[in-house]
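Chain by chain, the residues:
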Amino acid sequence: GENVEQHPSTLSVQEGDSAVIKCTYSDSASNYFPWYKQELGKRPQLIIDIRSNVGEKKDQRIAVTLNKTAKHFSLHITETQPEDSAVYFCAACFPGAGSYQLTFGKGTKLSVIP
Amino acid sequence: DAEITQSPRHKITETGRQVTLACHQTWNHNNMFWYRQDLGHGLRLIHYSYGVQDTNKGEVSDGYSVSRSNTEDLPLTLESAASSQTSVYFCASSVQVNTEAFFGQGTRLTVV
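Residue numbers (the numbering used here), protein chains in the order written: chain A, 35 to 148; chain B, 6 to 117.
Treat the hints as calculated values from the structure; they're not laboratory data. Among the hints, a few may not be true.
To be verified - Calculated pairs, DMTMM-like style, for lysine to aspartate or glutamate (alpha carbon to alpha carbon, straight line, at most 25 Å):
1) A:K140 / B:E77
2) A:K140 / B:E105
3) B:K62 / A:D61
4) B:K62 / B:D6
5) A:K76 / B:D59
6) A:K76 / A:D61
7) A:K76 / B:E64
8) A:K92 / A:D51
9) A:K71 / B:E8
10) A:K56 / B:E64
11) A:K71 / B:E84
12) A:K102 / A:D61
13) B:K62 / A:E117
14) A:K102 / A:E73
15) A:K105 / B:E77
16) B:K62 / B:E84
17) A:K143 / B:E77
18) B:K16 / A:D51
19) B:K62 / A:E73
20) A:K143 / A:E117
21) A:K102 / B:E105
22) A:K91 / B:D43
23) A:K102 / A:E39
24) A:K140 / A:D93
25) A:K92 / B:E77
26) A:K92 / A:E117
27) A:K140 / B:D6
28) A:K92 / A:E49
29) A:K143 / B:D78
30) A:K76 / B:E77
31) A:K56 / B:E77
32) A:K102 / A:E49
33) A:K76 / B:D78
34) A:K102 / B:E77
35) B:K16 / B:E84
36) A:K91 / B:E84
37) A:K105 / B:E8
38) A:K102 / A:E117
39) A:K143 / B:D6
40) A:K76 / B:D6
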């Protein structure tokens, strides 16, 4: 099955700085890569996603890049704010015939220091 | 508004008891999933379903079962609860396999 590695496990940045979280995946057939944000005590919520036919996608202060050759993708948050503090999960979707797996990384706890 | 809800939000049960966690969605999504979340392990897939009468095992399915008798519900049953099953459980649904998954609020289960 798919294996997703996520780094770092914790990340502290000063407010206004950028944050980068990196993930690698093992199955070259994976074609969908979402990122979820989970605030303390809340449910995970999608913040951005990218498909394998796209190299980069931006949404305001958030961007995701995908390198299919190297099998890694990254989340970039610019001009960080205290409300960006949360746990972020990357995931990879392996579309096997008759089966489906959305495999998550273990998460990155981001702390934005005011 | 369409939503996905889990019940109960918190439950304490004893080792060996059968426990059922409910998940109900009103989006009419075909795909539904159960994950467990543990510190240091992220979200791990327990079972999933592509539609009515369809169920599949995920990464950590031992000791769990699901049934899908209608589109809206995917109850998760712990056949004989064990302390290792103490966790936060999330249900999710999606319209297609490679689109956004919407998560429920979670159920915190403690097995004593």
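Here is how each hint holds up against the structure:
Proximity of K140 of chain A to E77 of chain B is assessed by CA-CA distance (about 29 Å); at most 25 Å being required, the pair is judged violated. Restraint check for K140 of chain A and E105 of chain B: the C-alpha separation of about 19 Å stays at or below 25 Å, so the hint holds. Of the supplied pair hints, the one linking K62 of chain B and D61 of chain A holds, its CA atoms being roughly 19 Å apart against a limit of 25 Å. Taken as a hint, the K62 of chain B and D6 of chain B pair is broken in the structure, with Cα atoms around 30 Å apart against an allowance of 25 Å.
With a C-alpha separation of about 29 Å, the suggested pair K76 of chain A and D59 of chain B falls outside the 25 Å cut-off, and the hint is violated. Distance restraint check for K76 of chain A and D61 of chain A: the Cα-Cα separation of roughly 30 Å exceeds the 25 Å cut-off, and the hinted pair is therefore not satisfied. Simply put, K76 of chain A and E64 of chain B have alpha-carbon atoms about 23 Å apart, close enough for the 25 Å limit, and the pair holds. For the given pair, K92 of chain A sits about 17 Å from D51 of chain A by alpha-carbon distance, which is consistent with the 25 Å threshold.
Of the supplied pair hints, the one linking K71 of chain A and E8 of chain B holds, its CA atoms being roughly 18 Å apart against a limit of 25 Å. Proposed proximity of K56 of chain A and E64 of chain B is supported: the alpha carbons are some 23 Å apart, at most 25 Å. A C-alpha spacing of about 32 Å is found between K71 of chain A and E84 of chain B, which places the hinted pair above 25 Å, so the restraint is violated. The suggested pairing of K102 of chain A with D61 of chain A holds, with an alpha-carbon distance near 10 Å, which does not exceed 25 Å.
A C-alpha spacing of about 36 Å is found between K62 of chain B and E117 of chain A, which places the hinted pair above 25 Å, so the restraint is violated. As the CA atoms of K102 of chain A and E73 of chain A are separated by approximately 29 Å, the hinted pair breaks the 25 Å bound. Restraint check: the Cα-Cα separation between K105 of chain A and E77 of chain B comes to about 36 Å, which exceeds 25 Å; the hinted pair is violated. Among the hinted pairs, K62 of chain B with E84 of chain B is consistent with the structure: their alpha-carbon atoms are about 15 Å apart, no more than 25 Å.
Of the pairs offered as hints, the one joining K143 of chain A and E77 of chain B is violated, with about 33 Å between alpha carbons and a cut-off of 25 Å exceeded. Note on K16 of chain B and D51 of chain A: the hinted pairing is violated, with a Cα-Cα distance of about 41 Å set against a maximum of 25 Å. Between the alpha carbons of K62 of chain B and E73 of chain A the distance comes to roughly 28 Å, so the proposed pair goes past 25 Å and is violated. Taken as a hint, the K143 of chain A and E117 of chain A pair is honoured in the structure, with Cα atoms around 13 Å apart against an allowance of 25 Å.
The hinted pair formed by K102 of chain A and E105 of chain B meets the criterion: a straight-line CA distance of about 21 Å does not exceed 25 Å. Our distance criterion of 25 Å between C-alpha atoms is broken by K91 of chain A and D43 of chain B, whose separation comes to about 30 Å. Between K102 of chain A and E39 of chain A the CA atoms are separated by roughly 15 Å; this keeps the pair inside 25 Å, and the hint holds. Among the hinted pairs, K140 of chain A with D93 of chain A is consistent with the structure: their alpha-carbon atoms are about 24 Å apart, no more than 25 Å.
Restraint check for K92 of chain A and E77 of chain B: the C-alpha separation of about 34 Å exceeds 25 Å, so the hint is violated. With a C-alpha separation of about 19 Å, the suggested pairing of K92 of chain A with E117 of chain A holds against the 25 Å cut-off. Between the alpha carbons of K140 of chain A and D6 of chain B the distance comes to roughly 31 Å, so the proposed pair goes past 25 Å and is violated. Straight-line distance between C-alpha atoms of K92 of chain A and E49 of chain A comes to about 20 Å, which keeps the hinted pair within the 25 Å bound.
With a CA separation close to 32 Å, the supplied pair K143 of chain A and D78 of chain B exceeds the 25 Å bound. Restraint check for K76 of chain A and E77 of chain B: the C-alpha separation of about 22 Å stays at or below 25 Å, so the hint holds. Only pairs whose Cα atoms come within 25 Å are accepted, and K56 of chain A paired with E77 of chain B is rejected, the gap being roughly 35 Å. Between K102 of chain A and E49 of chain A the alpha-carbon distance is near 31 Å, which puts this suggested pair outside the 25 Å criterion.
Between K76 of chain A and D78 of chain B, the direct Cα distance comes to roughly 21 Å. Compliance with the 25 Å bound is thereby established for this hinted pair. Simply put, K102 of chain A and E77 of chain B have alpha-carbon atoms about 36 Å apart, too far for the 25 Å limit, and the pair is violated. The straight-line distance between the Cα atoms of K16 of chain B and E84 of chain B is roughly 15 Å, inside the 25 Å bound, and the hint therefore holds. Under the criterion of a C-alpha separation no larger than 25 Å, the hint pairing K91 of chain A with E84 of chain B is inconsistent with the structure, at around 44 Å.
For the suggested pair K105 of chain A and E8 of chain B, the alpha carbons sit about 34 Å apart, so the restraint of at most 25 Å is broken. For a cut-off of 25 Å, the pair hint linking K102 of chain A to E117 of chain A is broken: about 31 Å separates their Cα positions. Annotation: proposed proximity of K143 of chain A to D6 of chain B is violated, straight-line Cα distance about 31 Å (limit 25 Å). For the hint linking K76 of chain A to D6 of chain B, the alpha-carbon distance of about 19 Å falls within 25 Å, and the restraint holds.
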